[in-house]
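Add chain B to chain A, keeping to what the hints say.
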Amino acid sequence: MNGASVAVCNLGIALTSRPILSKVSFEVSPGEILAVIGPSGIGKSTLLRALAGLVSAREGDVSVRNGAERGRIAVVFQEPRLLPWLRVADNVAFVLQGPRQQRKGRASAALASVRLQDSEGAWPRQLSGGMAQRAALARALATAPHLLLLDEPFASVDALTRMELQEYVAALWREHEFTVVLVTHDIDEALYLADRILVLGGDPASVHAELEVPIPRPRSRTNPQMLALREPLLRTLAETLSPPTP
Amino acid sequence: MGLHPSSQGCAETRTRSLWPSRLLLQLALPLGLLALWWFALQRQWVRPYQLPAPATVLATLQEMLQRGELQMHVIATIGRTLTSYLLGAVPAVMLGVASGLSPAIRAGVDPTIQGIRAVPSLAWVPLFLLWFGIGEQARLLLIALGAFLPVYLNTVAGVESVDRRLVEVGRAYGLPSSAITFRIVLPGSLPGILTGLRSGLGMAWMFVVAAELIAASNGLGFLLIDGQSTMRPDRVLAAIITFAFLGRASDAGLAAIERYMLRWRDTLGTPDSSQRKQSLSSTLKADRVSVP
Chain A
22 MNGASVAVCN LGIALTSRPI LSKVSFEVSP GEILAVIGPS GIGKSTLLRA
72 LAGLVSAREG DVSVRNGAER GRIAVVFQEP RLLPWLRVAD NVAFVLQGPR
122 QQRKGRASAA LASVRLQDSE GAWPRQLSGG MAQRAALARA LATAPHLLLL
172 DEPFASVDAL TRMELQEYVA ALWREHEFTV VLVTHDIDEA LYLADRILVL
222 GGDPASVHAE LEVPIPRPRS RTNPQMLALR EPLLRTLAET LSPPTP
Chain B
-9 MGLHPSSQGC AETRTRSLWP SRLLLQLALP LGLLALWWFA LQRQWVRPYQ
41 LPAPATVLAT LQEMLQRGEL QMHVIATIGR TLTSYLLGAV PAVMLGVASG
91 LSPAIRAGVD PTIQGIRAVP SLAWVPLFLL WFGIGEQARL LLIALGAFLP
141 VYLNTVAGVE SVDRRLVEVG RAYGLPSSAI TFRIVLPGSL PGILTGLRSG
191 LGMAWMFVVA AELIAASNGL GFLLIDGQST MRPDRVLAAI ITFAFLGRAS
241 DAGLAAIERY MLRWRDTLGT PDSSQRKQSL SSTLKADRVS VP
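Heads up: the protein sequence lines correspond to chains A and B, in order. Under the working numbering, residues 22 to 267 are what the first sequence spells out, in order. Under the working numbering, residues -9 to 282 are what the second sequence spells out, in order.
A portion of the hints provided could be inaccurate.
Quick list of the computed label-pair ranges, beta carbon to beta carbon [what the hints assert, rightly or not]:
#1 B:Gly98 x A:Leu255: 54 to 62 Å
#2 B:Gly105 x A:Ala133: 41 to 49 Å
#3 A:Glu185 x B:Met196: 52 to 60 Å
#4 A:Pro239 x B:Ala242: 55 to 63 Å
#5 A:Ala133 x B:Phe172: 22 to 30 Å
#6 A:His197 x B:Ser168: 26 to 34 Å
#7 B:Gly98 x A:Pro239: 53 to 61 Å
#8 A:Gln246 x B:Glu150: 50 to 58 Å
#9 A:Pro120 x B:Gln52: 56 to 64 Å
#10 B:Glu150 x A:Pro120: 32 to 40 Å
#11 A:Ala130 x B:Glu150: 36 to 44 Å
#12 A:Ala133 x B:Ser168: 24 to 32 Å
#13 A:Asp82 x B:Ala94: 26 to 34 Å
#14 B:Ser168 x A:Arg136: 30 to 38 Å
Since the hints were derived computationally from the structure, they do not count as laboratory data. Glycine residues also receive a C-beta, built at the ideal position from the N, C-alpha and C atoms.
Looking at chain A on its own, in the form it has when it is part of the complex (with noise of 0.2 Å):
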């Protein structure tokens, strides 16, 4: 098993003095994939660049174990980030440590795993959308990481190129068993890859719900036991909507 464990233990996070989480607290599994969902603006995005060391608690704490070493944390940001003035397997190779052939045969085959065997030449601009996610997606499966951190990654891709990338997804994890940590606004999307769903909500935001998704693998997007599942989430999601009762 390659996937880190990860344990959130009474995280509280303020940006500008405004308080956006208080009393997260939460545990992944080594090779297990949690999807994080709530209402836009929660603060989805605010946890996971806590779990990527990209903004401090102040109070509370996040570890990462059999990951925390540097380069076996891997983010998917919500646009691919490519490096401009980088060829596409330049900017898979630029983020790896080693000598400079070995750098180069994994983008290579990081971005052959993701079909991009013919664009490693191209510059970002001159890919798609849904390519340059792709690409974002090769750099960091070419980093071989114990964590990966998906922060709706597919969100700015169309429907089909979102179920593509998702079922990639689903398959390297497959193959490489690393941990994912998976931030989306699509309850489809949590259904189809996550071991569970952990709905956040209220402001600051805490943890308001947590569901396990017992499908067996590989999914099918027309499993009834998703379709029932599906119900109940949108229920807890409306919830954390709603105002709260006197």
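Just chain B, lined up with the frame of chain A:
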């Protein structure tokens, strides 16, 4: 009856080269000015002792070239400009990057540099002459100061314009600060740095004239002042034309370097954006179907 790509029945289209018309466009204004110059003399709007004929200026240039006089002045000016340019631009890039990256360094040096920028360049001349005497040192430092300011300001602006989200990628993947600086911040600020280097070179050409007008014994600036004092407008114009040529050539060289180094950009100035448009239009043509 069926659908087939229309290109099957079409003769192959040829792409027409645009360069002859572009060259004509570039030459139109200088040729027009030349014609106006000649016409003004013909109609005696100006006197030849004020503005000699184009042919006279050309003859003077030829004569100075044959005697080796022009080459001597050009070499002196180029040497002075390049030395001072490097003296000004290299520390400007280094200090600009440091200021852009570190708020503490910026707070320390930026107000002073902004203050120096507000002083007209010629105001420094008496002080430089007092400090360094009438010699090469004063001239070189004056030109270096002229080149320093635009390079520094554009470098700071370039570093500040680097997309924060790209820096975040480096941090998310655990890259050390040095790698983030050299592999993300510096390449990201390259458009600003190169703009600064180009305007810095332009300023160096301007300042070299000012520097050579003050007590120089060679250089194109000296040629200007010499032409004025000997009542030889043809020599003044020959020097001006040479300055224009040198300035244009050096800027074109830097522009070519800029185009190459920023070839990844997707802007109107990027050469292959037009090629992409062309290939897109040919793709559309290829995809078009016709019903016979």
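Given the hint of 52 to 60 Å, is the C-beta distance from glutamate 185 of chain A to methionine 196 of chain B inside that range or not? 57 Å, holds
Is the gap between the beta carbons of proline 120 of chain A and glutamine 52 of chain B within 56 to 64 Å? Cβ of proline 120 of chain A to Cβ of glutamine 52 of chain B: about 60 Å, so the range 56 to 64 Å holds.
Okay, glycine 105 of chain B versus alanine 133 of chain A on CB: inside 41 to 49 Å? 57 Å Cβ-Cβ, so the 41 to 49 Å window is violated.
Serine 168 of chain B and alanine 133 of chain A - C-beta distance against the hinted 24 to 32 Å: 31 Å, holds
Look at the Cβ atoms of serine 168 of chain B and arginine 136 of chain A and judge whether their distance stays inside 30 to 38 Å. 34 Å, holds
Using the C-beta atoms of glycine 98 of chain B and leucine 255 of chain A, is the stated range 54 to 62 Å upheld? Between glycine 98 of chain B and leucine 255 of chain A, where Cβ atoms are some 57 Å apart, the hint holds.
Okay, glutamate 150 of chain B versus proline 120 of chain A on CB: inside 32 to 40 Å? Taking Cβ atoms as reference, glutamate 150 of chain B and proline 120 of chain A lie about 35 Å apart, which means the hint holds.
CB of glutamine 246 of chain A to CB of glutamate 150 of chain B, is that within 50 to 58 Å? 52 Å, holds
At the C-beta level, are aspartate 82 of chain A and alanine 94 of chain B separated by a distance inside 26 to 34 Å? Because 31 Å falls inside the window, the suggested range holds.
Measuring from beta carbon to beta carbon, are alanine 130 of chain A and glutamate 150 of chain B in 36 to 44 Å? 37 Å, holds
When you take the CB atoms of histidine 197 of chain A and serine 168 of chain B, is the distance between them in 26 to 34 Å? 30 Å, holds
Does the beta carbon distance between alanine 133 of chain A and phenylalanine 172 of chain B stay inside 22 to 30 Å, or does it fall outside? Because 29 Å falls inside the window, the suggested range holds.
When the structure is compared with the earlier hints, a violation turns up for hint 2 alone.
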